[in-house]
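Number of protein chains: 2
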Amino acid sequence: MSDNPRSHHMNIEDFRRNGREAIDWIADYHRKVESLPVLSRVRPGEIRAALPPDPPAEGESFEAMLRDVEEIILPGLTHWQSPNFFAFFPSNTSGPSILGELLSAGLAVQGMMWTTSPACTELETHVLDWLVGMLGLPEKFLSTGKGGGVIQDTASSASLCALLAARERATSGASNEIGCDGRLTAYTSAQAHSSIEKAVKIAGIGRANLRAIEVDSNFAMRPDALAEAIARDRREGKVPCFVCATVGTTSSNAIDPVRAIGEICRDAGVWLHVDAAMSGTAALCPEFRWIQDGLEFADSYCFNPHKWMFTNFDCDCFYVVDRAPLIEALSILPEYLRNQASASGAVIDYRDWHVPLGRRFRALKLWFVIRHFGVEGLRAEVRRHIDLGQTFARWVSEDPRFELPAPAPLNLVCFRLRSGDGQNQALLDRLNASGDLYLTHTRLDGRLTLRISIGQAHTEFRHVEKAWARIREEADNL
Amino acid sequence: MSDNPRSHHMNIEDFRRNGREAIDWIADYHRKVESLPVLSRVRPGEIRAALPPDPPAEGESFEAMLRDVEEIILPGLTHWQSPNFFAFFPSNTSGPSILGELLSAGLAVQGMMWTTSPACTELETHVLDWLVGMLGLPEKFLSTGKGGGVIQDTASSASLCALLAARERATSGASNEIGCDGRLTAYTSAQAHSSIEKAVKIAGIGRANLRAIEVDSNFAMRPDALAEAIARDRREGKVPCFVCATVGTTSSNAIDPVRAIGEICRDAGVWLHVDAAMSGTAALCPEFRWIQDGLEFADSYCFNPHKWMFTNFDCDCFYVVDRAPLIEALSILPEYLRNQASASGAVIDYRDWHVPLGRRFRALKLWFVIRHFGVEGLRAEVRRHIDLGQTFARWVSEDPRFELPAPAPLNLVCFRLRSGDGQNQALLDRLNASGDLYLTHTRLDGRLTLRISIGQAHTEFRHVEKAWARIREEADNL
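Quick note, the sequences are listed as chains A and B, same order. For the first sequence, my numbering assigns the number -18 to the initial residue and increments by one for each residue that follows. For the second sequence, my numbering assigns the number -18 to the initial residue and increments by one for each residue that follows.
Simulated from the structure, these hints should not be mistaken for lab results. The structure presented is a predicted model; accordingly, all values stated were derived computationally and were not measured. Worth double-checking, as some hints may not be accurate.
Note that identical chains are pooled: a pair holds if it fits in a single copy or bridges any two copies.
As the list claims (entries may be wrong) - Straight-line distance between alpha carbons at most 20 Å, and here's what the computed DMTMM-like set of lysine to aspartate or glutamate pairs gives: (1) Lys447 - Asp380; (2) Lys13 - Glu(-6); (3) Lys219 - Asp162; (4) Lys219 - Asp5; (5) Lys13 - Asp(-5); (6) Lys219 - Glu209; (7) Lys447 - Glu52; (8) Lys127 - Glu158; (9) Lys13 - Asp49; (10) Lys447 - Asp303; (11) Lys13 - Asp417; (12) Lys121 - Glu178; (13) Lys127 - Glu178; (14) Lys127 - Glu51; (15) Lys13 - Asp(-16); (16) Lys121 - Asp35; (17) Lys219 - Glu52; (18) Lys13 - Asp248; (19) Lys447 - Glu357.
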């Protein structure tokens, strides 16, 4: 913004006026989002066709942009902030988070190193230490010891960084120095997130060296199968380096037995990463901390406040017990980044904790969220969602046409008609086409299964009740 | 936000009021930022010490948070938005960009696939196609052919993705399938950004397989040395797969000869990535497009609107000529992400174009910036900065105590006292400690060299004039 009348920048007083309009537009959007079709109905290419083929030569007014957002963009959105959004995992925002992101964009500092904005680094370290206590994580994840936490963009990136640190440790640095040699192997459950396969490809380990470990009848990793796979690979000259256990799989919210897996990893000297992307938030409540039993055996851990903790994307919290191999794997130090504070060793330079060099001030929104809700406020919202999930599961169990093919320990319920894939696909398509709600699917035991993921910030009893009514109604019509 | 009085979420009317306060706070910050010491003066640990050891049990008011931002956070910031910020490369924001980011946080859609918000994907594709024309890039980077553009967080990530696509192509997919085997080699200039070394480590290629190619007297890559290095590696059984040329190095803004490098890469069948992170923006002006002469030989290209094009971090634009190897390298398709639109092949799913799965609506702020300034407005700002850079270089050349150790083709000027490293270090330390401006350094020909990077959005003639006056004044006092 500028006061200089010759500048092409937005005038400061115009910014105040335009900013108020933008704030009001968001408030109005949140008030009406419930009434919009959840899944966008546009056809491929429709949005592009509405946009001018060339950029404007001269500047346009903010009013024109906001009008286009309303008229062109809005119909092309799938409304993740609708209380009728039950697809995938939630990806929430909230008032304090939006305002934290706004201030971050306004300050626009780069937190790549401590010296380039000390508060950006120190607030992040502080809030991530807060979360260790809030979630009941092992104290060895605190930054005050050898470990610590950092904000990553996503759990995909966190898992990649965990794998890189594991690779560094398993090869004593050789994988970073002379490259991978095709001997490293990694392990995760056959139900785990695709991000592990992606990480294994990126890291040059190769997906043929990722073992998809069998699951039990609850779709959780079988520790005995893991132990066998590690032993088999060792016998064949492989170098097992990384296990990812999942606390709440995307597919069915299966909770891998972290303790049993952790004991195996400890005995085998293999890095254990625990991915609790959505479900980790449940650990805010002491009564749900059983999901992470055994976490003291983990070398790294992540969960995403941008899923279920009302902090807008991107905000994944990633912790390591020992930051040394992570930093070894990712550190680079050209002359132009050298500075006294870094050289002193007294500060954290987060650029060495993830893939990008630059980083924005994401701790601000997370700090605002925690302060706005307070720990008790966050717990209340989480308990409310889990309660809704349990209620929905009970309704399904009471309708003889439906079955629950997997346990529903928290807020995600897998369900399906007993009448087969065709009927379930038709049910899903009709529901999503109606715009009344948005569900996605998975496959369990080879069969098409619908998922209802209840964690959108503003989903209340009435939305879940209506969703179940619509599901039964469409099932009646099949 | 919520209207429900039992909810812990911010009330919608409170959001409007708090949002106006946040907007005004940003406007006030931008008005006063020029008067603040540019480099933060806090000592390590000082910010943390001012924060409460435990998170609040109950929620707090937005007023309390905003007060803490002012009183605790602000002194801990290094002000990248100060017109007296001349360090590193700029990392700009602007009114339209802040408001675009605000709307993105308010809508909080996930653009991981076309179907999860078609407008998020299509606006991004459209604006990146606009930029092909705006920058005079080769048309083969347009999405309408086999290539296309995508927003990445940083040039570090873009370079990594380019390397992964190159690795995929060079090994016909084997590196992704069975892993790297220590034979792949990569090439960049000895003056190139550390991100290439980081990418080579991450990708399992190993930094011993990265060749730092000699530079000429202008600190630009020597094509003959590159050709020799590739030939030598071939003879020794290595598999050359990736060259990164830099258009505007971080160290001294050296412009690698893209055409000569490109011809070598074409003949050798090696992937050429061109990193124009800051300087790419200069190509908005036809008279500066010589910097990218030969870009038609490149397989991929990136530049960062979040540096010099007034778009707040993060926003790197990454282009490929052929999207197939990129997608092959990064694609994963679990059941829960399958959908009709993706299966039809008629849409782009950007999740396969980068490391993370999730992605926020970053195209919105880029669209707002281009529309607010218009192409001519952006050109005028870029010309203004380059003109200031040239003026500064002339001043330096006219003072016999100083020398210009490298060409200053655009807006970054390297300079130093002729009297040696000790004097230059003292000069740098005194200037930065004064708070009046912030400069960083590099080493050229083994000697400490100061850099003045003129690209902060609001830097005007008077700021550069004052910077030069302060530099001479401190030089007088040494």
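### Task
Give the relationship of Lys13 and Asp248 under a CA distance limit of 20 Å: within one copy only, between copies only, both, or neither.
neither (55 Å within a copy, 58 Å between copies)
#### Entry: Intra- versus inter-copy proximity for Asp417 and Lys13 (alpha-carbon distance at most 20 Å)
This pair counts as within: shortest intra-copy Cα distance 14 Å, inter-copy 48 Å.
### Intra- versus inter-subunit Cα pairing at 20 Å for Lys127 with Glu178
neither (29 Å within a copy, 26 Å between copies)
### Message
At most 20 Å between CA atoms: does that hold for Lys219 and Asp5 within a copy, between copies, both, or neither?
### Response
Cα proximity of Lys219 and Asp5: none, with 59 Å in one copy and 60 Å across.
### Query
When no copy is named, should Lys219 and Asp162 be tagged within, between, both, or neither for a Cα gap of at most 20 Å?
both (10 Å within a copy, 14 Å between copies)
#### Entry: Alpha-carbon proximity context of Lys13 and Asp49, limit 20 Å
within (18 Å within a copy, 33 Å between copies)
### Query
Is it within, between, both, or neither for Lys447 and Asp380, if the alpha carbons may be no more than 20 Å apart?
within (16 Å within a copy, 77 Å between copies)
### Query
Between the shortest in-copy and the shortest cross-copy C-alpha distance, which are at most 20 Å for Lys447 and Asp303: within, between, both, or neither?
neither (48 Å within a copy, 47 Å between copies)
### Task
Can you give me the call for Lys447 and Glu357, within, between, both or neither, at a CA distance of at most 20 Å?
The answer is neither: 28 Å in one copy and 52 Å across copies each exceed 20 Å.
### Message
As a check of your reading, is Lys13 near Glu(-6) (CA-CA no more than 20 Å) within one copy, between copies, both or neither?
### Response
between (29 Å within a copy, 14 Å between copies)
### Query
At most 20 Å between C-alpha atoms: does Lys121 with Asp35 qualify within a copy, between copies, both, or neither?
between (55 Å within a copy, 17 Å between copies)
### Query
Under a CA distance limit of 20 Å, which applies to Lys13 and Asp(-16): within one copy, between copies, both, or neither?
Only across copies: Lys13 and Asp(-16) sit 11 Å apart there, 36 Å inside one copy, limit 20 Å.
Checked against the numbered hints given earlier, this structure breaks hints 4, 7, 8, 10, 12, 13, 14, 17, 18 and 19; the rest are met.
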